[in-house]
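Construct the complete structure from the given sequences, taking the supplied hints into account.
2 protein chains.
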Amino acid sequence: MRYVSTLTVALTMLLSTAAARAADPLPSWNDGPTKKSIIDFVARVTKEGSPDFVPPPERVATFDNDGTLWAEQPMYFQLLFALHRVGVLAPQHPEWREKEPFASLLKGDVKGALAGGEPAIVQIIMQTHAGMTTAEFERLVKDWMATARHPTKKVLLTDMVYQPMLELMAYLRANGFKTFIVSGGGIEFMRPWTEKVYGVPPEQVVGSSIKTKFEMKDGKPVLMRLPEINFIDDKTGKPVGINEHIGRRPIAAFGNSDGDREMLEYTAGGAGARYCLLVHHDDADREFAYGAASKIGTFSDELMSEARGREWTVVSMKNDWNRIFPATAPPPDNAGR
Amino acid sequence: MRYVSTLTVALTMLLSTAAARAADPLPSWNDGPTKKSIIDFVARVTKEGSPDFVPPPERVATFDNDGTLWAEQPMYFQLLFALHRVGVLAPQHPEWREKEPFASLLKGDVKGALAGGEPAIVQIIMQTHAGMTTAEFERLVKDWMATARHPTKKVLLTDMVYQPMLELMAYLRANGFKTFIVSGGGIEFMRPWTEKVYGVPPEQVVGSSIKTKFEMKDGKPVLMRLPEINFIDDKTGKPVGINEHIGRRPIAAFGNSDGDREMLEYTAGGAGARYCLLVHHDDADREFAYGAASKIGTFSDELMSEARGREWTVVSMKNDWNRIFPATAPPPDNAGR
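Protein chains in written order, with numbering that gives the first Met the number 0: chain A, 0 to 336; chain B, 0 to 336.
Think of the hints as simulated: they come from the structure by calculation, not from any bench.
Treat the hints with care, since some could be wrong.
Identical copies carry no separate label here, and so any pair may be met within one copy or between two of them.
What the hints assert, rightly or not - Simulated crosslink set (DMTMM-like; lysine to aspartate or glutamate; CA at most 25 Å straight-line):
{"id": "1", "residue 1": "Lys219", "residue 2": "Glu305"}
{"id": "2", "residue 1": "Lys210", "residue 2": "Glu227"}
{"id": "3", "residue 1": "Lys35", "residue 2": "Asp51"}
{"id": "4", "residue 1": "Lys210", "residue 2": "Glu135"}
{"id": "5", "residue 1": "Lys219", "residue 2": "Glu94"}
{"id": "6", "residue 1": "Lys110", "residue 2": "Glu97"}
{"id": "7", "residue 1": "Lys317", "residue 2": "Asp39"}
{"id": "8", "residue 1": "Lys153", "residue 2": "Asp257"}
{"id": "9", "residue 1": "Lys195", "residue 2": "Asp51"}
{"id": "10", "residue 1": "Lys98", "residue 2": "Asp51"}
{"id": "11", "residue 1": "Lys216", "residue 2": "Glu305"}
{"id": "12", "residue 1": "Lys195", "residue 2": "Glu47"}
Written out as structure tokens, the structure is:
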């Protein structure tokens, strides 16, 4: 009896190992050169004794967020949060009724408000993201994110993450990689939910930030958020942010726009096996289709040429992904798009 | 036969678990209230179901470096590196012979050079730490650290780390903590060796920094180190650096000077069980004895009062530690001190 039980355990273990091996780690990726390139890269860097072997501590993979891990249309979701905050705060700011970009926003004219370009956006961010403690800001983001829905697709924003990218991050982690987010978005806007949504803890999130100041408030030590830019984690800022926060050059990087170019160049520029990938939004039916003409998340023709020339992988969302959003998300309603 | 073998495996496992439990995780700490306070804290936060239980991802412990993890007398070891670099670079800088603080340094008058205070130190740092790529700087630090010895004790600087603190870090990690260094020292001066010496990977090191700039050098993407301060990770800067890099409030913090005060206050100010500890250098025979009178690493009377009032643990190196440096280090030669 004991013998049988031991044998049963041994057999079960063998079988489940085989099953695990046989299971596809990237089921939402269609078979083809894109999926194969990912699996080949992981096999090369994890095979001990191979010339491309990379020890686990050096298996650093960095992911852009907006447009790479979740959607970014019709505008960055952080901007939706800022617009929501403008509405909440408006009663305390009667002067906004006469002052741009707030006056347009309060009339519902988002396009008019953003016509002021970056200075307008900075003003909106400073009014809605500063002047409170880091803990208070975290609470605002958490509460908003729990119920915030996409303006046209109507699903929760946290359901607008890309299922194939979730699988890719999990697959890399299962192979000894540490996954980091390196985004132009606000570091403190992302941290309250990245662990739950992506499995990426706060200390592995790199992003743009405003300055903070240590002070005693009602006898309690807090960090106050100041209306002053600290760091912009975009374009040439991405390698700078990576070096400052991670201190190692990534061996794999994932992006979707010109803002990720330098991160990919920096990653590709290291010695040994490297993997660079760009997500191309070419699926108007299931998500959005946009490129250089878009006001945000540009994927310029120059970037496409560079990607082709350097043999970076370019994902066609339409052809490479058999599913865009997680199965738990309700089917998107495209009617309003 | 199969039965015996299963039983043997089970017994061996039980016995080695018991042995592991019985082994003292902090052998270089003398029994007493200090050691007991550490072990009690770890037991409280790791016991599932207890009101003080903290889930592993939130078990963040931050450690100052100079004077907390390794020695800092007669001057910060990073300054020894800078002085070494001044000597190496002097032939390319004939103007230094007439220009302070370099003129004094080149005559061997360190005290005279440092009489210029912080501006003099900043000048020395910028001349020796900037104007190269991050990879070149890393190489310089690694090469120097491999052979650099203490000016009077003559042992390798990497052997002047505190064995009790190495044990403490390993003990915390074995209990699900993530250990971070949060130092006023240069982040890129520490990262090349903290993983080997302390078991702390580069992405868990927070420190002061100068600005870097992404550029193409000979067709390769690099980060150039600029002669401009980016961030000073000291005093009120420590909670700011912790929030920026880690994004969570630590539940345990370890320091040794007034520069660590705000880090300890910030740590203690969170909800739930907290542990704060200050190392007091009171062992002139085995290490150094210094306090407020010292030019560096001050532990003021005010800090001591605050520590007592807040019930932070104060380590007496003389009484609480039965060993200061690792057994692998040759016995220190105190003759020259």
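Going down the list of hints, with the structure as the test:
With identical chains, the CA atoms of Lys219 and Glu305 are at most 25 Å apart between copies only, with a shortest distance of 15 Å across copies and 52 Å within one. For a Cα distance limit of 25 Å, the shortest separation of Lys210 from Glu227 qualifies both inside one copy, at 6 Å, and across copies, at 18 Å. For a Cα distance limit of 25 Å, the shortest separation of Lys35 from Asp51 inside one copy, 17 Å, qualifies, whereas the shortest one across copies, 47 Å, does not. For the identical chains of this complex, Lys210 and Glu135 are intra-copy neighbours only, at 15 Å inside a copy versus 30 Å across copies, given an alpha-carbon limit of 25 Å.
In this assembly of identical chains, Lys219 and Glu94 lie within 25 Å of each other by CA distance neither inside one copy nor across copies; the values are 32 Å within and 51 Å between. Taking the closest pair of Cα atoms, Lys110 and Glu97 come within 25 Å of each other only inside a single copy of the chain (17 Å); across copies the shortest separation is 61 Å, beyond that limit. For the homomeric pair Lys317 and Asp39, the shortest alpha-carbon distance inside one copy (22 Å) is at most 25 Å, but the shortest distance between copies (56 Å) is not. In this assembly of identical chains, the alpha carbons of Lys153 and Asp257 never lie at most 25 Å apart, being 28 Å within a copy and 53 Å across copies at closest.
For a Cα distance limit of 25 Å, the shortest separation of Lys195 from Asp51 across copies, 23 Å, qualifies, whereas the shortest one inside one copy, 33 Å, does not. In the homo-oligomer, the alpha carbons of Lys98 and Asp51 never lie at most 25 Å apart, since the shortest distance is 58 Å inside one protomer and 50 Å across protomers. When the C-alpha separation of Lys216 and Glu305 is checked against a cutoff of 25 Å, the pair qualifies only between copies, where the shortest distance is 18 Å, while the shortest distance within a copy is 51 Å. In the homo-oligomer, the alpha carbons of Lys195 and Glu47 lie at most 25 Å apart only across protomers (21 Å), although the nearest pairing inside one protomer, at 32 Å, exceeds that limit.
Hints 5, 8 and 10, counting from the list given before, are not met by this structure.
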